[in-house]
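Residue numbers (our numbering), protein chains in the order written: chain A, 1 to 382; chain B, 1001 to 1299.
Hints are computed from structural coordinates only; laboratory data are not their basis.
The C-beta atom is built at its ideal place from N, Cα and C for all residues, glycine as well.
One should not assume that every hint holds.
In silico DSS-like links for lysine-lysine, alpha-carbon gap of 30 angstroms or less [unchecked claim]:
no., chain 1, residue 1, chain 2, residue 2
1, B, Lys1010, A, Lys207
2, B, Lys1076, A, Lys175
3, B, Lys1263, A, Lys111
4, B, Lys1263, A, Lys138
5, A, Lys112, B, Lys1263
6, A, Lys112, A, Lys175
Some but not every residue of chain B turned toward chain A, in silico, with C-beta under 10 angstroms [said to hold, decoys possible]:
no., residue
7, Gly1032
8, Gly1089
9, Glu1105
So, partial list: chain A residues that the calculated Cβ filter (under 7 angstroms) puts toward chain B [said to hold, decoys possible]:
no., residue
10, Ala65
11, Asp184
12, Asp266
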Amino acid sequence: MDLFEYQGKQYFARFGIPVSPGDKADTVDEAVAAAEAAGYPVVVKAQVQVGGRGKAGGIKLADNADEVRLHAGNILGMDIKGHVVHRVWVEHASDIDEEYYASFTLDRAAKKHLLMLSAQGGVEIEAVAESDPDAIVKLHIDPVVGLDVATARQAAVDAKIPERALDGTADILVKLYGCFTDGDCDLAEINPLILKPTGEVHALDAKVTLDSNAAFRHPEWAEYSATEVLDEREQLAKTHDLQYIGLDGTVGIIANGAGLAMSTLDVVNQVGGSAANFLDIGGGANADVMAAALEVINFDQNVKSIFINIFGGITRGEEVAKGIVEALSRVDLRAPIVIRLDGTNADQGREILANAGIPESKLRSEPTMLAAARSAVALAQN
Amino acid sequence: MSIFVNENTKVIVQGLTGGQGKYHGLRNRDYGTNVVAGVTPGKGGQDVEGIPIFDSVAEAVAATGADASFVAVPPKAAPAAILEAAAAGVAFVVCITEGIPAQDEAKVFNTLIRDFPNTRLLGPNCPGIISPGKCNIGITAGEIALPPTAEGPNVGIVSRSGTLTYQALYELKQKGIGVSTCVGIGGDPVPGTNFIDCLREFEADPDTHAIIMIGEIGGSAEEEAAEFIRANVSKPMSAYIAGVTAPAGKKMGHAGAIVSGGKGTAQGKMDALADAGVKVGLNPTEAGELMAQIVAGLR
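One chain only, chain A, in its complex shape:
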């Protein structure tokens, strides 16, 4: 789950990382109130999860209430690369001497945490990696050992961060690492990390991706998931706790297992069709889950046919079949279903489907994945 900048800053603050005083605002009046509280000059920043906000006019400096009104009025409702701005973050503007970059991620190849630190911040780190790779210090951290201040300080020295910023940088790195680990982040990034003329180091931006698998131990994430950017279909899928990603094709996809679902998308594409979604009903899917999945697919007006691709491991064929029968009695499906059912108890499943009295115009079985894909694509193109 990606956080908005303001949420990232609030999350940073929980771990003691210094950020500028500020507040979020959904209206011009709220923006003015936030500015008065933060103290002028302020920066009004569009809250969208897309890069290039500044160039698009989504970040503006304001010296007084009138300027806040003007800028907040312009930015709220602005469309930045297809993302409409519903909220701004208003914070006290910082004086900046220097800009750095710091991030923690998991290096999957090394199976260790990775600190990336550079004295060249405020620009795309990928651009720095290209133009001046030596300017980025990469340090692997054993997750069992963690990161101490001395190691963090040495990394800052290696990154050629100036003497007067070393202690502040080391302190923030240790706190950011705490946010990354205890805060269960996939990514915790500060760009830019700034040095003020007064010698303080602090986070001027926040990019945080949370690991959804850890949600069970973070009740405070509920407010973030409430603002997650989802389309209507994804919203509905979320209420049913389904692993769904909306796409823009015409063949609705339901599969059990992430790999099979991805593969189903690929095969539909290969035979000339396009998938309307990714939907993995997972290992332990039962009748209720299947019914919910069909409801979500049915909600998508672009769907012209539905391809259910099930290979049974944990999911048993008879459960799948019962789910389809039940869903068909609950939901008036607009599109026909093509099903390919194999694996654990598949024979029982096929028997249940065959004896359920469902007309072939609504449901047909195909023996292989390719045949089912062709059939579903043909139905979608009719």
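Starting from the known structure of chain A, arrange chain B on it as the hints suggest.
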């Protein structure tokens, strides 16, 4: 022969008294797996359909001589369960649990490397392992796997995806091709056992004559495997990579299946494997057909 597990493997099931553990643990026993004990703290002395339950892995190992464990407990409890098995000296731990936080997984992996180098973890978030006709640990439906034949050629399978693993077993069975061992390494970012670990074993196993590898988007494990194959694998291989049409920046069901910053694409992985001499199919069926051609050539 087979890799990692065989007819002599003695298995305990951590979580045998729970829903998933009981269902699959008993299925594994029905398949012929030597399931010798279950472990559930507080339920020692009970039994599940004749399988004795112990309070701890250490007690279960002491009483039965088990050398493998099947961890089927929820994400909160799984990291501790894996480490408990390792501390009790279990050499091979299979964890099917999906949804373990990445931070916990990275800690478990590095703890095993440092403190328990003799324990191999398979998974988490994996379907398990089956050496057909000998041993099945995990959630694979054993009947879809054809046991290897003495004369061969037999195929080894290694896969990041559960259902695509079953798919591969199924395709091979349709074609009458036996399988030495099928390993599902799982779809999480830090798998305990990776492609290279399995490829090395398959290369050394005299009863494995060809190898199918099934990967997916995200990370660089397939690219690393391709490098390994180029230098170390003499046996013929086919492969399939899922996620050609996956949009960037989205986790496709598996925690590890994400294309980020233009890295980890299916095309990049397919190219790397093809460059290493692997025959790459555009769908699972095609990878199976390519393997059938390879096997026909070996016969």
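Hints versus structure:
1. Restraint check: the Cα-Cα separation between Lys1010 of chain B and Lys207 of chain A comes to about 48 angstroms, which exceeds 30 angstroms; the hinted pair is violated.
2. Among the hinted pairs, Lys1076 of chain B with Lys175 of chain A is consistent with the structure: their alpha-carbon atoms are about 25 angstroms apart, no more than 30 angstroms.
3. This hinted pair checks out: Lys1263 of chain B and Lys111 of chain A have alpha carbons roughly 17 angstroms apart, not beyond 30 angstroms.
4. Under the criterion of a C-alpha separation no larger than 30 angstroms, the hint pairing Lys1263 of chain B with Lys138 of chain A is consistent with the structure, at around 18 angstroms.
5. A hinted pair counts as satisfied when its Cα atoms are at most 30 angstroms apart, and Lys112 of chain A with Lys1263 of chain B qualifies at roughly 18 angstroms.
6. Under the criterion of a C-alpha separation no larger than 30 angstroms, the hint pairing Lys112 of chain A with Lys175 of chain A is consistent with the structure, at around 18 angstroms.
7. Because the beta carbon of Gly1032 of chain B sits about 17 angstroms from the nearest beta carbon in chain A, more than 10 angstroms, this interface hint is broken.
8. With 10 angstroms as the threshold, the beta carbon of Gly1089 of chain B stays out of range of chain A, its nearest partner Cβ sitting at about 20 angstroms, so the hint is violated.
9. Because the closest C-beta pair between Glu1105 of chain B and chain A is about 9 angstroms apart, less than 10 angstroms, the hint holds.
10. Because the beta carbon of Ala65 of chain A sits about 38 angstroms from the nearest beta carbon in chain B, more than 7 angstroms, this interface hint is broken.
11. Interface hint status for Asp184 of chain A: upheld, as the beta-carbon distance to the closest one in chain B is roughly 6 angstroms, under 7 angstroms.
12. Satisfaction of the interface hint for Asp266 of chain A is found here, the shortest Cβ-Cβ separation to chain B being roughly 5 angstroms, below the 7 angstroms cut-off.
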